[in-house]
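Chains H and D supply the protein sequences, listed in that same order.
My numbering numbers the first residue of the first sequence as 1 and each following residue consecutively.
My numbering numbers the first residue of the second sequence as 270 and each following residue consecutively.
These aren't lab readings, by the way, just hints derived from the structure by calculation.
Don't be surprised by glycine CBs; every beta carbon is placed ideally from N, CA and C.
You may find that some hints are simply not true.
Just the calculated beta-carbon pair ranges, DEER-fashion [what the hints assert, rightly or not]:
#, chain 1, residue 1, chain 2, residue 2, range
1, D, 284, H, 250, 31 to 37 Å
2, D, 441, H, 103, 33 to 39 Å
3, H, 103, D, 452, 42 to 48 Å
4, H, 250, D, 404, 37 to 43 Å
5, D, 378, H, 189, 19 to 25 Å
6, D, 341, H, 103, 50 to 56 Å
7, D, 313, H, 98, 20 to 26 Å
8, D, 284, H, 116, 48 to 54 Å
9, H, 11, D, 441, 51 to 57 Å
10, H, 167, D, 495, 30 to 36 Å
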Amino acid sequence: MRKVQDIRRYQGFFSMTLLCMLLLYGPLIIVMIYSFNDSPSIIRWEGFSLRWYYEVFFGLEAPKFKKAAFNSFSIAIMAATTATIIAVAAAVGMIRGGQFRAKTASFALLSLPLMVPEIVTAVATLIFFSTIGFVAGYATILVAHIVFCIPFAYLPIAARLENISSIYEEAAMDLYASRAQAFFRVLMPLMLPGIISGFLLAFVISLDDFIITNFVKGAGVETLPTAIFGAVKQGIKPDIMAISSLLLFLSIVFVTFSWFASRIGMKHS
Amino acid sequence: MNQIAIRISGMTKYYGTGPDAVRALHDVSFEIRNNEFFTLLGPSGCGKTTLLRIIGGFEEYSEGKLELFDEEIQDLPPNRRPVNTVFQHYALFPHLSIRDNVGFGLKMLGKPDSEIHRQTNKMLDLVRLSEYADRRPSQLSGGQKQRVALARALAPEPKVLLLDEPLSALDLKLRQSMRHELKQIREQLGITFIFVTHDQEEALIMSDRIAVMSHGSLQQVGTPEEIYNHPENRFVADFVGETNLVQGVIRELCSDAACVEYADQELSLAIQNENLFATEQQVHLSIRPEHINIKPMSSESSNLPALIKEKTFLGTDIQFLCRLKGGNELTTRVQTTTTDCATLLPGDSVELTIDTKKIVLLGD
Ligand SMILES: Nc1ncnc2c1ncn2[C@@H]1O[C@H](COP(=O)(O)OP(=O)(O)O)[C@@H](O)[C@H]1O
Ligand SMILES: [Mg+2]
């Protein structure tokens, strides 16, 4: 028996759900299906084939996409790693630092990139780089990605740390651990699920960023999203669908891992 | 033998600053001897944990002095004090096995692996948890976690062990057996235990000496017998054990006795120090329920006549709440087996006899 308050009893709940699902996932599913289409057309179905996936890896434009993929992944790994380290330090400072002046301001600053429209950040970053005379290219993308990845890494890490009682660090120090030992031997392992979750989230966010990257990248340096955008401008070909499907799959894998990581050990603490 | 392990003098602690500051400790001074089972006893919020955390090094204090074996340790961080803590909620490291939890302190001290292994095994034996060495804390019961916490704190062989209400989360049976076990372990190892509890029964059973605290102030320090039989003030008399606290007036005073009027009776009571009292002074009397005898009313008596208001069966004892003529009420307790009072019922007329030698006269 369902409870009276059960949301499923509201009229139109089912059709509303269906509509939302359709709008959210319909286009994605269509892209995925048509990436297997054995035809250069993007609307007419002519049977199953993997030719567009072959095209992505070995076709005429493959070197371009491979270069972009290399840029994307190397930037994502470095940006996510750096952002995670900064986020861990920030979380420990914010949550274990007690009350300090400008604590609220610090938190606002940390989460600002989540609230400011991305285009504003993009323009601001571009202006900043050109003001200090930084040559646009791989390095500018990396720096920009580190910055906007920090809040995404911070949130799961901070959420985790909030739930770890400081009694564990006290117990470690009581048992002759120095501050550093208490951090690395007790607090870090307890925070690890949050750290992994934060890293994976930052990685995915960096991997699929388009707006900021498009502004700060120099000529000739492409990441996967900007390369796809460039290709689409010359008309949508099915190999774009194949790349998009691959990216989608990767994102789902990472987000899923991130979600599971954030739940490890929840039962115990 | 009678070396002082810990000396606390004039300890005052405020949480916070300015008008919102909370005073958790007020001018607390006492000494804890080496190899003593010393208990801090007091109601919740009286500052026991604060005092323990100050000794452990987790909390700074506002005024006073803290000495460990005649050495001031104010500036030593927790990891440099030869003092270990059994935390109230165990605080076992969830990501480490039981063995690694117990060996943690020795590892941090940089002891060689062979020694860590030997000492860890010894400690696990001591708390009878050797078979559980490779489990995680989450796979143990409350009582087992408690014993791991004890083994972990004892493994580095501290000079002083601090225990913050270690038994309060356990159920009654387990608590009783752990009391016994703790006492035995302390006697076996011969180190100083500072034990915090709000349970006066636990304090009386386990301690060599007890410090009773209330609202951040020290009330009395003494052996369980001293605390129970000779409370120095109303708070201690009331908090430790059960008692009747009644008001009386001193009618006459001489060097070692006072004549106190209570419920139309003149009671002659022994006193220690006449300077604390004055004639016609209002005083309190602490009369333990077991020091009042009760029997059915007989005609030719000069004792206190009373009416039974309530009767409570307590297993080995029976407790009566009696109303005296003037409206005063007294609680009395008699053993079920040694009395003919089992048949008394509420409403019956009785007479009470107070063992005046056991009455404690309290000035404040
Ligand atoms: N971190 C803190 N900040 C502010 N007040 C505190 C803090 N810890 C304890 N107190 C206050 O200090 C007093 C003593 O607390 P505590 O030492 O925990 O008592 P106990 O252990 O005897 O129950 C209480 O009034 C409590 O509210
Ligand atoms: Mg406490």
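Going through the hints against the structure:
1. D:284 to H:250: 31 to 37 Å: Violated, since residue 284 of chain D and residue 250 of chain H (Cβ atoms, about 51 Å apart) do not stay within the stated range.
2. D:441 to H:103: 33 to 39 Å: About 45 Å separates the Cβ atoms of residue 441 of chain D and residue 103 of chain H, which means 33 to 39 Å is violated.
3. H:103 to D:452: 42 to 48 Å: The hinted range 42 to 48 Å holds for residue 103 of chain H and residue 452 of chain D, with Cβ atoms some 47 Å apart.
4. H:250 to D:404: 37 to 43 Å: Check passed, 38 Å falls within 37 to 43 Å.
5. D:378 to H:189: 19 to 25 Å: holds, 20 Å
6. D:341 to H:103: 50 to 56 Å: violated, 34 Å
7. D:313 to H:98: 20 to 26 Å: holds, 24 Å
8. D:284 to H:116: 48 to 54 Å: violated, 39 Å
9. H:11 to D:441: 51 to 57 Å: holds, 55 Å
10. H:167 to D:495: 30 to 36 Å: holds, 35 Å
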